[in-house]
Each structure stands twice: as structure tokens, then as C-alpha cells.
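Asks: Single-letter residue listing:
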Amino acid sequence: MSHAKLAEIFNKDEAKVNWHDKALWYVREKRDTAAHNVKGWEYLRDLASGIKANVLSNLDNYLVEFEKNAQSNGIEVHWASNAEEHNEIVYKILMQNNATKVVKSKSMLTEECHLNPYLESKGIEVIDTDLGERIVQLAKEPPSHIVLPAIHKTKEEIDVLFQEHLGTKPSNGDPQYLTNEARKHLRDKFLKADVAITGVNFAIAETGGFVVCTNEGNADMGVHLSKVHIACMGIEKIIPKEEHLGVFLRLLARSATGQPITTYSSHFNKPAPGNVMHVVIVDNGRTEQLSREDFRSSLSCIRCGACMNTCPIYRRSGGYSYNATIPGPIGSILSPGMDMKKHSSLPFASTLCGSCSNVCPVKINIHEQLYKWRQIITKEQKQPIVKNTILKITGMVLARPKLYAAFGISVRWMLKYAPRFMVYSKLNAWGKARELPKVENGNFDQWYKKRKNNG
Amino acid sequence: MVILINGIKKEKIMGRSSILKSIKENKPTLISLPEIDVNSFEEAINLLETFKKNVESVGGSIKELDQIQDLDLEIKNCYPNAKRIFSQISESALGNVQISEQTKPKDLENLDLAILKGVFGVAENGAIWISDEQFSIRILPFITNDLVLILQKKDLCLHMHQAYKIIASRERTFGLFISGPSKTADIEQCLVIGAQGAMSLTIFLV
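From first to last, the protein sequence lines are chains C and L.
Under our numbering, the first residue of the first sequence carries the number 31, and numbering increases by one thereafter.
Under our numbering, the first residue of the second sequence carries the number 2, and numbering increases by one thereafter.
Rather than coming from a laboratory, the hints here were simulated on the basis of the structure.
Honestly, I wouldn't trust all of these hints.
[What the hints assert, rightly or not] Below 30 Å or equal to it, Euclidean Cα-Cα: the simulated DSSO-like pairs (lysine-lysine) are:
#1 Lys25/L x Lys98/C
#2 Lys118/L x Lys300/C
#3 Lys54/L x Lys52/C
#4 Lys257/C x Lys214/C
#5 Lys28/L x Lys98/C
#6 Lys53/L x Lys69/C
#7 Lys54/L x Lys69/C
Construct the entire structure; sequences and hints are all you get.
Replies: Put into C-alpha cells, the structure is as follows:
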């Protein structure tokens, strides 16, 4: 289903859409306040962008350097070309440790690889331990936002979900009570787990260590209570030096939620005595994206979600309308690279307003890449006849000033005098679910000339 | 890609070499690494006041002590119900839980309070650096119900760039920046303090 069709489903509940829109805009405003409090914020963004550009141009060497340093610290390093290899590697490690119970903290990579269903099919219990992720896991849904996985759910829905799965009492969706019950439930899972799986926010070539950021402490609760830690990372998570964390940790949480830093920024360099630590480095289409000059900078993304919170389309269409692991503007430039046919409608789910590029902490030119994908997709994918015809006519009209003026007069006449069923017909997408503005006499050109003559 | 000649090991090497080969073929020409000009972030601000303000904004509490001798009394005032207490600083005598090499992480399941030394604080975000040297078992600052960190007022830096300079020559095992108590806003964006880690964080400034 296309983005527009899925967005239509989300828009059936208008009150919920309005709440979703406002909640995310509020996060965007918190991001602004946090950013304005940092001296040299724009310079920080420039640095982050420059460091990531260097990383992509030297990625193979940094990965080898990371591997060597990690191994010398007693970390086992694995490489996976694709999702299947990644899942098999994780499963093999579980088997070597006779593990049947796994706790997992947030990792968009393992979502992308569909690790949970794979492990569950092998009889492994996998518990997502981030509260938002646990909520969507219980609801058997994927996350709808990369930082706020359950942003599409109301507290009343979560209340019912917890009553069913955790045996909680009805509370009208009291967040304090529900969070506390989840804490008890997850505590039990942490204590019984054999292996902890985490994502990686940043892996440092220079030291062979990596950093995992959470607010809840769920990654650390899992890792330090288990004998075995498996950290899964995409190849693009590498940064050259530890001092670069200074740049990225200042940007990440402020861009994501408006916090000055996440509650826990944990630096893993060596396994605890007697424990083992594995890192799985995954490609899964990333080197292919690296080959696309116009789109490679999308690999600089640090997964803060700021582009989603600010996007007028995302806020009003919800994460599920993108039908992709990473939704929103950044997802719309990453996903067509993975499967152009499936995701062909995503680059069109944008007003090209550029707000995403303006808030991106690593300065990815997201809206320009959306535009570039559109050009590729219209060439390679069949477009609807109505859209093609209308665009052709529009192009013709716009290229001929006299025709444009005549067209303007007739459209204004139509909007004024034509019956509703014609103006609000299927051909006019702008008249869908909204009233068109009242038509005034004359156009801008006439108004401007009149003004000049009078002045 | 999965050519199994000698079993698992061969497969792993295939993944590695094919990824590295693909990167070599697809990467752009080398772009130089920018230097961080720390002067751009210099600010003439009061480190202590900024730190205190930021700790409170991230949900932590600050207590300033006139003298270290008042520490235990103040901790008791803050946490009157704490029974099982672990202290890793000589200035507090409240500790009654022992941690040895035999202690398993799970044994600390019911720990009420942990008292640790903070190495230094970061003014811009209210974070405090602690590492393996400050806690004898890694689960400690997370599994404890409440956490107390003792910090010297003089041990504050302005921002994360300075912070990474301070820890640059440490022995790298495990360490973290901790900023306030564990929290979540995953239910309708309502902030709830006390998610999976410690329910509260109190910083005693000496």
C-alpha cells in the first residue's frame, strides 16, 4: 500500500492525529530550546557532518582498526553481509551459551534484520526492554518512531494491553502506575536472562570500544546481569576517535528529545571478568547505499528522530504510513535504496519544506535527497496515469506565460462559479478533506501593477 | 556469499572480506577529518551554578555539604527507609552490604541504596563520570533502588570536549556518564522518573 493510502487509515481518528501532531511538535520545540542553549551549536553540526563524511570516505580502514582494538580488549568481532547472516551469527552465539532467554535493548538494526521473529521461531524468548518497545512488542506491532516507539498509542490502550499481558489493575492509563508495573515485570526478565543484546550508538575505531545510550537504564540492566553481551551495529556506526564522542553526545539527545544528554551514556571497552562480549558488524545494503553519490550521506544518520518530529507529513500520517523499519524523512531516503519498488511512494511523502534538513544534527540534505529519489523513481517506476497527465499539462502551462494567465483566469472563474461536485472532484487532490480558499478578484500580477500605478 | 568450505569460520571471513571489498569499491575519495576547535565553545559561566541547574533539570537532586562529616546524617535524612546499603567511600559508615569477588550481580536485586564517588561533573548537562574504579561490580549503579554520588565542587568541567580530555588516559574497561535518575516518557510523553535503573539520584557536593 502507498504512503497516501496508509496515511488515510491513520487519519480516520482525527483526535488522535491532532494529539500525535502536537506531541511531536512539542518534542521539536524542546529540541529548539536545548539547541539554543549551546554555544556554537551550528559549528557542532558542521563538525558532526565533517566527521561523518570522513568516516564514509575511510570506512574500511576504520572498521579494521576498530576490529583490531576490540579484539585486543577481549571483544569478539563478527561480520554479517546481510540480515540472514546477522541473525545466524546471533543464534550461533546463543547456542554456544545454551541460552533460551534473551533481553534486548533498543536497536533499529535488529528490527531491520527481523531478529525477534527469527529467534522466536527457534524457540528463544526475546524480551524488548525499552518501555516503548515492550509496549509495541506486547501489542505485536513494530515501533512507529525510532526514539518514541509507542508514540501512536494512547495511555488507555496501554492500560488495556498491560491488564491483558501483565495482569495490572485498570488505572485509566496512569503513566506512573503503568511504568512502575513494567519496571517490576522487566526486572524479573532481566534477572532470568541468559544473554543481553544491545544496539550500538557509536563505535570508536581508535579504542575498539562502543557507546550505548539509554534513558531507562535498560541496556545496562540487561548487559550487567547477563554473562554474555551481544552488540549489533551497522557499519556506519563507526567514529574515528573517542574525542568525537564529545561532538556526537552533545548533539544526540538534544536533537532527539531536548535533553542535554541521555541519562546513561555507557562506554564498553572490555567485558567484565568472566563474561564475554560480542560485536556483530552488519552491512545489509549499506555498502550499496555508499555507492550512490547522491544518497551516501544518508549513512551519516545518528538515529535521533529529529527529522520525524519536525516533519509536517510524519506528524500527521504516523510512523506506520511509511511501512518501513525507519519511518519519516530519513527513512524515506534510506528505504528506496533497500527496495525501490516497495518504497516508491515514500520520497513523495514530503512537502520538500526542508525542515528535516534544518534540524538534522549531522546536516544530511534530506529534502534534496527526497527530490532526487523522486526523479529516479518517476523514471523507473510506472506512475499513475492521472498524475502523469496532470503533471504534463502543468509543465506545458507553466512554460507558456500567456497560457498560464488564461489558465489562471479560468481556474479562478471555476472556483467561484463551478458547482461543488466539479471543484471537489477526484482530479483535485487539494480539495480533498479541506475547503479551498475564497477566490478574490484578479491575480497577483494585476494587484502588483495596480499598486505600482497608485504608488 | 555463504560458501561453507570449512564450516562457520570460513563463512565469517567471507562476510568480512566481502564487506571490506565492497566499501573499498564504493567509498568516495578521502575527505579530511576536521579538527575540533574547542575555543568555539568557551563560555564565561559559573560552572557550579550551571551544573546544579542542569542536574535539577534532568531529575536529579543536589545537596551541598558544609563539611563531609555531615554526610551520613544527610543521607539518612534523604533516604530514611533505606535498609540494605552499599557504600564504596571511606567517608560514609552507612554501608552494611558487602561485595566480594563471589558476589553475583543478581545478589544485589534488593539493594536499597548505593553510595559512590563521582569522578567529575559536566556543567553543560549535569552528567557525572563514574567507571569500574568507583563501583566494584558493574550492575551496582543501575540495580540499586536509589543512588548517591559524592562529588567535589572543584571537580567540574564546562562541556563534553573537556570531559573526554579528562578521561583520555584512563584504563578503558567500563564507564559511563550518568545524568539524573532513570526515566521514560514512553507512555503518552508523560515523564516518569524511575524506569529500569535507579529511581533517584542525589549528588552530595563537598
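Asks: All hints, please: hold or fail.
Replies: Outcome of the hint check:
| no. | hint | verdict |
| --- | --- | --- |
| 1 | Lys25/L x Lys98/C | 18 Å, holds |
| 2 | Lys118/L x Lys300/C | 22 Å, holds |
| 3 | Lys54/L x Lys52/C | 28 Å, holds |
| 4 | Lys257/C x Lys214/C | 21 Å, holds |
| 5 | Lys28/L x Lys98/C | 21 Å, holds |
| 6 | Lys53/L x Lys69/C | 19 Å, holds |
| 7 | Lys54/L x Lys69/C | 17 Å, holds |
Hint check: no violations occur; every hint is consistent with the structure.
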